[in-house]
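First to last, the sequence lines map onto chains A and B. The first sequence begins at 1 in the numbering used here and counts up one residue at a time. The second sequence begins at 1 in the numbering used here and counts up one residue at a time.
These aren't lab readings, by the way, just hints derived from the structure by calculation. All values derive from a computational prediction rather than experimental measurement. We put the beta carbon where it would ideally sit given N, CA and C, even for glycine. Among the clues, some could well be false.
Claimed, not checked - Partial selection, computed: residues in chain A whose CB lies under 8 Å from chain B: (1) F93; (2) V117; (3) G120; (4) A122; (5) E126; (6) G156; (7) G158.
Each chain, letter by letter, is given below.
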Amino acid sequence: MPSAAILEVRGLTKRFGGLTAVSSLGFEVREGEILGMIGPNGAGKSTTFNLIAGTYAATQGEVRFAGEQILGLPPHRIAARGVMRTFQHNRPFGGMPVIDNVLVGAHTRFASGLWAVVGGRALREETQRRKRAAELIEFVGLGELPHADVATLSFGQGRLLEIARALAGEPRLLLFDEPAAGLTLAECERLAGIIRGIAARGIAVLLIEHDMHFLLPLAQRVAVLNFGVKIADGLPEQIRNHPAVLEAYLGSHAAA
Amino acid sequence: MSSLLRWLGAALLLAGAAFLLSDYHNDVYRKLLLWVTLALSYNFLFGICGQIAFSHFAFYGIGAYSVVIFLFQFHLPFPLAILLGIALCILFALAVAIPSARLEGFYLALATLALAQLFIVVLNEGGAVTGGPGGLANYKLPEFLGTRIRGPWYTAVIVLLLLGTLAVLWRLDRSWFGRACRAVRDNPEVAAAMGVDVARTKVTAFTLTSALAGIAGMVYAFVDNTVNPPIFGLDNAFLLLFMVIVGGAGRHAGAIIGAALLFLVPFVLSPLIGHHHVLVFGVLVVAAILLQPRGLVGLYDAIRRHP
C-alpha cells in the first residue's frame, strides 16, 4: 500500500424519512489517490458527498479524516481540517472578481485576526495570499483572468474557478462533484490533466462522476453505488466488465 | 506612503472647509458628515454583509444617550463614559445578533425592528435618567486637557470620525473578513463549504458596525448638545437604508454619494417646491430600486463601460 488512508468511511447510512439514500457504505481514500465513485442517478453519490462535507447529518456511521471522526462537525470546521469541495453546478460568489473568489477558498488559512486587519498588520499576509491565489488561478489555466468578473466566465472556466477556490483551502482531501458535467470533450481532457496534477501533489481526490468514459481512465480505484449500496469496488478495468455494474447501468438484460 | 498622504489630504480638505463656513452652514455640514459616517457603516452591514437590520439608528442613539447619561447623570470621567458606551453597544448588538444569526435573514429584520421600537419606548419612559420625551439638554462637551473643542474644531473631530470609520471599514473590506461577509451575503451554504463560519461572521459584522454607529452617536451628542427620542426613531433608520440603496449598496462610494444626495435634497428642493420634496425623494428611491439596483455608483459604472 503506497500511503495511509486519509479518509475512512465505515457503515455510513443516511435515511430521509422512509428512503434510505445511503446504506452501510464503507470505503477509504489514500493520500495522492484518485478514487472514483460512480452510479446511476439517485444511487446516493451526492448524498455521500454531502455527508462527508457536513452538509447533511448522517443517520449512522463513521467518517474518519486523518484519523479523527468528522461526522457531526459543521461544514466550515470540516473545511478547516482540510476537506474542500467543488460544486456540480458552478457556484461562484457573484459580487467578487475571480481572485477574490479564490481567496474565499483560502479563508481558513489566514492567520491574522480582526485586530491585525484593522491595525494594518495583516496587509503582508494579504499580499502573500493574493500571490498564492494568482498562482492557483494560473495552475487551473485561468491565468489571464484573475480580475475578471465571475459573470463573464464561460461554464468551463467557472468549473476551473471552482477547482482553484477549493485548492486555495490547502486541502488534504478534495471532493469533486461531477466535475465533467456540462464540459466539452476538450475541456474534459484538460480537467483530467488538472485532477492528475492535484493528486500528484499528494492530495487525496474523491471524484463523483456520472460519465464512465471520463472517470475510468482517470481513477486509480472505482467504487460503484446503486440504490445507496456499494455494489462493486476495484480497479477501473475490473469495474468496466463487472456484471453488477453493467446491470446497474444498462439494466438486467445487458448483464444476462 | 502615498495612501497615507491621500488620507491626510482628505482630512485637511474636509476639516479646512469647516473654517470657511458660517455657524449655520457648519451645522448642516456636521450633520452631513455624520450621515455619511452612518451610511458607511450601515453599508458594510447591509450592502457588504447582506444583513437587513433596522437598528443602526438605535445604536447611534444608544451611543449618544449612554455617553450623556454616564457623563452627566452618573458623573463618570470622560474616557470611562466613552468606553462604557461602546461596551453597551457591543452588549446590545450581541444580544440581538446571536439569536438572529441562526435564523433566516427575515428574523434579524424583525428583531432589530423590535429593538429600535423598544429603544424609543425606553427613552420616553426612562424618567429622570433619559429625560423622557423631552430628552436631555443643557450639557456641554467636557474640557479635555484644559480646553473645550468648539466651533469648526468640533467639525474637524467629526471629519476624523468619518475618515476613521472609512479607514476601518476599508481595511475590513479588503481582508479575509470582508470577503467572508460578501460570501455570506451571496451564498451562505457555499461560504460554509469554503470554511467560513456563517453565524460568527454575521454576528461579528453586526456587532462591529453597530459599535461604529454607537461611536458616531457619541460624537453627535455634542453637536446639538441635546438628545431626544424623535431623532433616533424609525424614520431615520429607513432614510439610512434608502441612502445606501440609492447610492449603491456594497460600495463605500455608493454610501457616501447616497447619504450626501438624500441629505441635501430637502435643502435644495424645499425652498423651490416646499414639502413636495418628499415626493421627489420617493420617486428617487423607487427609481433606484427598479432601474438600477446597484444604485448611482452602478449607473456610473455602466456609463463608463458603454459611453
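Hint check:
The criterion of a C-beta within 8 Å of any C-beta in chain B is met by F93 (chain A), whose closest approach is roughly 4 Å, and the hint holds. Annotation: V117 (chain A) was flagged as interfacial toward chain B, and the flag holds, the nearest CB pair being 4 Å apart, inside 8 Å. The interface hint given for G120 (chain A) holds, since its Cβ lies 7 Å from the closest Cβ of chain B, which is under the 8 Å cut-off. Residue-level restraint check for A122 (chain A) holds (minimum Cβ-Cβ distance to chain B is 6 Å; threshold 8 Å).
The interface hint given for E126 (chain A) is met, as the beta carbon of that residue sits about 6 Å from the closest beta carbon of chain B, less than 8 Å. With its C-beta approaching chain B no nearer than about 19 Å, G156 (chain A) sits outside the 8 Å limit, and its interface hint is violated. For the restraint placing G158 (chain A) at the interface with chain B, the shortest Cβ-Cβ distance is roughly 13 Å, beyond the 8 Å limit, so the hint is violated.
The structure shown violates the earlier hints numbered 6 and 7.
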